[in-house]
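Here the protein sequences line up with chains A and B, keeping their order. Residue 1058 is where the first sequence starts when you use the numbering used here, and the numbers rise one by one after that. Residue 1058 is where the second sequence starts when you use the numbering used here, and the numbers rise one by one after that.
Where hints are given, some of them may not hold.
No distinction is drawn between identical chains; accordingly, a pair holds when it is met within one copy or between any pair of copies.
Okay, derived cross-link-like pairs now, BS3-like style, lysine-lysine, Cα gap no bigger than 27 Å in a straight line [said to hold, decoys possible]: (1) Lys1329 - Lys1268; (2) Lys1228 - Lys1354; (3) Lys1228 - Lys1329; (4) Lys1354 - Lys1194; (5) Lys1228 - Lys1316; (6) Lys1389 - Lys1132; (7) Lys1268 - Lys1132.
Read the hints as simulated data drawn from the structure, not as lab findings. These numbers were taken from a predicted model, which means no experiment stands behind them.
Protein chains: 2
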Amino acid sequence: MTQAKAYAARGADQALAPFTFERRTPGDEDVVIDIKYCGICHSDIHTARNEWSNTVYPVVPGHEITGIVRSVGAKVSRFKEGDRVGVGCFVDSCVGCATRDLDREHYMPGLVQTYNTVAPGADLPTYGGYSDHIVVKEGYVLSIPDNLALDAAAPLLCAGITLYSPLKHWKVGPGTKVAILGMGGLGHMGVKLAAAMGAEVTVLSQTLSKKADGLKMGASHYYATNDPATFEALQGAFDLIICTVSAEIDWNLYLALLKPEATFVLVGAPEKPVPVSAFAIIMGRRGLAGSMIGSIKETQEMLDFCGTHGIVSEIELTSIQKLESAYERVIKSDVRYRFVIDMASLG
Amino acid sequence: MTQAKAYAARGADQALAPFTFERRTPGDEDVVIDIKYCGICHSDIHTARNEWSNTVYPVVPGHEITGIVRSVGAKVSRFKEGDRVGVGCFVDSCVGCATRDLDREHYMPGLVQTYNTVAPGADLPTYGGYSDHIVVKEGYVLSIPDNLALDAAAPLLCAGITLYSPLKHWKVGPGTKVAILGMGGLGHMGVKLAAAMGAEVTVLSQTLSKKADGLKMGASHYYATNDPATFEALQGAFDLIICTVSAEIDWNLYLALLKPEATFVLVGAPEKPVPVSAFAIIMGRRGLAGSMIGSIKETQEMLDFCGTHGIVSEIELTSIQKLESAYERVIKSDVRYRFVIDMASLG
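Using the sequences and the hints given, assemble the complete structure.
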């Protein structure tokens, strides 16, 4: 066992505070990682505050982790001390399962999330990246390309793959018209990734306040959704719309912006069900689908793609002592575009 | 102009009654068809009774038409007098359109439906198949394979293509598990077609009352949706579910029956929007999509497929004088499985 320093939430209405716990004794297949940076994902806040009613306290959030390999087990072949690595949203999956599917492991019941999941055979839930180190099986450790800064690369591990996976699944590339709905931590990654894939990218944001940023990141067009004219102008315009907002919006309005046989993909999730008109999808054989992160294989592919294209997240570094104010600003969408905790602040 | 005998509705609350009108003078590219049979589609009832608030009276419904070619225009090359032919849901599309897409013409704004649509340049709406003959441009006339009876083939023109198109689009074949939700005029065609494509077919029907029929038509499994155990047993079971029912059901229950990355396709449409849970589609990257008939090219492909596999609809022949009682029985789902009007009864 190795003692870890961390910040944890101990209850839904308690601020995160210093917490010490034991990581498991590293095994032959484990990689021990000194965590340098950890992005703040909205899921961290939902979990810290038990907004999904599934939190086991104390909880150490954080699943956008980058760091340096401290040591490796005897059977680890792909990593060595000093390597620049990352850990994303899960640290194990149903490897022993007869129907194991490497491309869909993240949709399988055996998934062990990086925090707040009790793994089979374990006594304690997993603890995430708001800590000084982590012990992860080799198969769930990612390589960070040398040209990507570890701080700005951290959000790729969740926000990046969350956008990359649907863009690939729905075959975005030169000639496709993609709309990214919402210009936040997820949305801005979608703009950069879709543009790098060669698509013609349109941002649909509540206002035009981030228009200059959007165009700089690779968008060709930028529309405000608070202007009804936007919905007139863009009827039937897109091959794919990726919705990154979790506010309750009228999906039917956006379904009308799809070309025939095109798809509206949710990666942000409003809590309450949204009424969908059957006619909005029957006419034009349109689709409404969801998507959630990606496999380890695809996450590495995404990181390599980002290395090739020099893509990282736009970030604001913060210290772990300022978590609560960062959380409040995330909730107000008052960050351009992702907070990353400098873990040196843990002391 | 040629005088046509027909049955028409003259108002939302009036029974259909004899009606005489002029078909257009056949042009060089037109085929004149003596109508022998016409299926009764639920859309006919919705339109006759103005339930979609878009009916122009008098309306002559009917878009599941089979008959014999009476004569052809000078430029018609694919048909001759005496040929066995069909006409489906539309009789023109945006042929002159720069973005014409032969595979998606039925989703384009230039679509002229077989009845109740005013074509560009025309004074009157189109009149459908509840009549003795029809004049149709060659490009919108289908060939009926010789081995298919004209009466039982009529429903292929709408019900058949409505199921065939999504089965093909979502790549159903050997090794795929397909569920057909609803065992009526549409659903029973889905069972026959999916089974002929080599899929493993499951029927999900309210009760088991039509189980013997379903198994005979090619289903391997048959479940009652009024039994909660069905939803336990079939979690994550299907590559594709096609929903043929227009009653308001909880789509989220059925989304849970999909495998990861599988799709629930609506071809029946409840009038009111249905609340959809984002989590039901984000988890597993599941999709909810619609589908509507098919192109002329795909409709001919479907008819040829039915010829090869000897597939027709299960029908009950009726006379045009009994339309109202047939309509009432369709509404009560009291027909196995499609009414077809014997047009000889028009006299």
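Tell me the numbers of any earlier hints that the structure contravenes, in ascending order.
Hints 1, 3, 6, 7 not satisfied by this model.
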